[in-house]
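Protein chains: 2
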Amino acid sequence: MYIDNPAIYTDYYELTMAQGYFLSGVHKKQACFDYFFRKQPFDGGYTVFAGLTDLLKTLENYSFSEEELNYLKDQGFKQPFLDYLSDFRFKGTIWSVKEGELTFPVLPVIRVEGTLLETQVVETLLLNIINFQSLIATKAARMKVAAGNRTVLDFGLRRSQGLGGVHATRAAMIGGVDATSNVYSAFKYNLPVSGTMAHSWVQAFTDELTAFREYARHNPDDTALLVDTYDTLGSGVPNAITVAKEMEKSGHKLKAIRLDSGDLAYFSHQSRKMLDKAGLDYVKIAVSNQLDEYLIFSLITQKAPIDIFGVGTRLVTAQDSPALDGVYKLSETDHKPTLKISENIEKITLPGRKRILRYLNEDGTFYGDGIIRADEDAPERIYHPYFPAKKSYVGDIKHYELLGKVFENGNIIHSVSDVKESAAYCAQQLNKLSAEYKRFDNPHIYKVGISESLMILRDRLISTLKPDSL
Amino acid sequence: MYIDNPAIYTDYYELTMAQGYFLSGVHKKQACFDYFFRKQPFDGGYTVFAGLTDLLKTLENYSFSEEELNYLKDQGFKQPFLDYLSDFRFKGTIWSVKEGELTFPVLPVIRVEGTLLETQVVETLLLNIINFQSLIATKAARMKVAAGNRTVLDFGLRRSQGLGGVHATRAAMIGGVDATSNVYSAFKYNLPVSGTMAHSWVQAFTDELTAFREYARHNPDDTALLVDTYDTLGSGVPNAITVAKEMEKSGHKLKAIRLDSGDLAYFSHQSRKMLDKAGLDYVKIAVSNQLDEYLIFSLITQKAPIDIFGVGTRLVTAQDSPALDGVYKLSETDHKPTLKISENIEKITLPGRKRILRYLNEDGTFYGDGIIRADEDAPERIYHPYFPAKKSYVGDIKHYELLGKVFENGNIIHSVSDVKESAAYCAQQLNKLSAEYKRFDNPHIYKVGISESLMILRDRLISTLKPDSL
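Those protein sequences? They're chains A and B, same order as listed.
No gaps in the numbering here: position 102 of the first sequence is 101 in numbering that gives the first Met the number 0, and each next residue is one more.
No gaps in the numbering here: position 432 of the second sequence is 431 in numbering that gives the first Met the number 0, and each next residue is one more.
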């Protein structure tokens, strides 16, 4: 699903500024904005970039309807500006990293070039889509890293932040989740969908065994029995075993049992023993109940015999860090570099049009990234963005460009990835990131540097705009 | 905005269960489900109920389109069931508390009655809408409680969880926020909208003073100047003062300045002094930057002269507690009470159809709530839900019914509240909740009890289903 009124899916100030630019006659000035974030979510070592295809498809259809223009008129917007908006289309040029790419703080992972008005007015839309999908793709990747080759399923729709569930599921799949319970997103984005029964199914029949039998009868090839409605080891697992043996007689196999409460390590061990003793070693064990990457890791450390992790709330809301702090900052107007100064060093922006170089170690793993001016050659050295005494020689290190042109003249300029391709790309890039960046506690900090030329430009602008800036 | 495909905006298992009920021939059995939550979000003292109107309007239009049925066919659903779905409408009866009502754990604040199939299949939809809107309405109410009579604005769209922003804003207004930057939600829900400029506006002109003058020229009656792009006290506030004095000459007044970084207590004090010294005591001070109820409270405690709080991420994502744990549990089938047992006492459900009585102190403030069986009279005593030795005599306490019938035969049965009415109701109810429930640290725990008759019913069912249940 894209947004039904994308042009007004925005902060009001984007429109008051757009009108102001128009009335001041500066709306056609050239401008360039960067999207970047300042801090890894989850105190983690990487962020999976996601949401680009949704953003670009929305921009292809970006326009103001008559109904929207009437609404803006009621808010006091002026007729000449509304007339201008009535046939406005976004014609800017967008450079971006790929969906599924691993990204790091400070990197300008999207660059939007065009007129001042068109680049400004899409800010909120871009931030809303990219911040959230990148956040959830990252959370999903962390869970998948913890789960290894076990299956991870998204069960989050009921606790997702309203309609946020639509894109949470899409992003989770890019990050590595295997399938979802969310039918809507599966339908819209062509994703694998999965699910069997709730406790209410068991309660709806006269007894648990009947409930299990009825489900198996209707779904002989796709039955997972929820065993904790009344008494997990006393009735749930024994009844599941009874039904599994009955299914065998008709040539079918019970797929799994699911545990949704109690101590999952204990119950999975006990259930596995009971199933194995009954000759049902093929029946998988699925678990759910407030899982996240830490609990998955803990269960695996305890050698809990779990095959499938159903994750919900903590995935789709990114519960421990529910927002990515991505921002969209003006870096150039009228082909002149600009920046914003702040009391907080990390909030001072990098001026001008920029490229990103990704450097590779000899084994193909990532060494680090360099941010350089768009018109300069690959530099000899890159410098810490805020502490230039820290620097690295990169003159002879293999590298490639991270940003590619993805949108021009109102259209997506080459085929953008679907979810499956982006998920495959993410998995491939995760393989190129060393384990120490992927651990959950105090991950190794990835090198991101800036070129000397970019540093000089920034520092000169600061000196001009605020000579006494300490 | 309602959901464009509500029938498949659901977990897959709702549909596999619906098909199973249909194939087993039990789909028309009578059933009753309760919606309730188990834990206050934010470790707070109350939860503001919200989302009902969106839910009910969605249910009025709930049906399966041909496109959706084809999709389900591709997933392996069976033709007789798909035929049944093709003219399926939700015809159940819904009882609910009002939007804006203050609610507490365990209370069955929504009761859905109807056939087993129809009451089951709306579960995820109901949970998705009500959990999120109640969460955000609660967060907003907390911020408004902290801000007192100062203005609170929602600036959260850029960091909201994707399309979750649509309903975050709606819910925030019910909780007490005064206006929003979110144009889309303002348009769809008729809410007051607000916003002026970002740092990019200031950067887009040759200098800050020109940028301020240009904005004021185009918006003489609605200008708030963002003063921290380069140097708050060195240039931002002095330039704002210059422009304010120029505005006075043409008969206009600068509305406000906005601070978005640095120490907001320090900068608001300094800015206030500078403005007052220039005779601009009418110019308001707005602040933003990662605010929540705790920071608002802290700023007020520091006597920071702030008039307007712009809140974003921490409001629209409910950052410190981003999900309400509301659940939807079967309480009756075939007119027989049912429950779910769990290892966790708090996860054992209350069987049967129930009513809620709200008891009032003599001064009109809330005393506590009682959950009783639907067919019993108001009881003499109510008991702690899990520890019956704790009980209260309520035989002579004034009370009223909390649940009202809101949906029947496919339609909303009396006019449901709009956002403005619900916000007014919420404010009124907050006035009836004593201060000790509203404080942020260790709030007083509100009394919620169950009747003896309900307790006996529950305990008897547990004994039958799981005699050894400790």
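Hints listed in this document are in silico derivations from the structure and should not be mistaken for laboratory results.
All values reported here derive from a predicted model rather than from experimental measurement.
A couple of the hints might just be wrong.
Quick list of simulated restraints, FRET-style, between CB atoms [stated by the list, open to error]: (1) Gly233(A) to Pro79(B): 34 to 42 angstroms; (2) Asp42(B) to Gly233(A): 50 to 58 angstroms; (3) Pro79(B) to Tyr83(A): 41 to 49 angstroms; (4) Glu375(A) to Glu66(B): 48 to 56 angstroms; (5) Asp306(B) to Leu81(A): 50 to 58 angstroms; (6) Thr300(B) to Leu81(A): 17 to 25 angstroms; (7) Lys252(B) to Pro79(A): 37 to 45 angstroms; (8) Lys252(B) to His443(A): 53 to 61 angstroms; (9) Glu345(A) to Asp306(B): 49 to 57 angstroms; (10) Pro191(A) to Tyr83(B): 42 to 50 angstroms; (11) Asp280(A) to Glu375(B): 47 to 55 angstroms.
All C-beta atoms, glycine included, are put in the ideal place defined by N, C-alpha and C.
For this session: Mind listing which of the numbered hints don't hold for this structure, in increasing order?
Result: 2, 3, 5, 6, 7, 9 and 10
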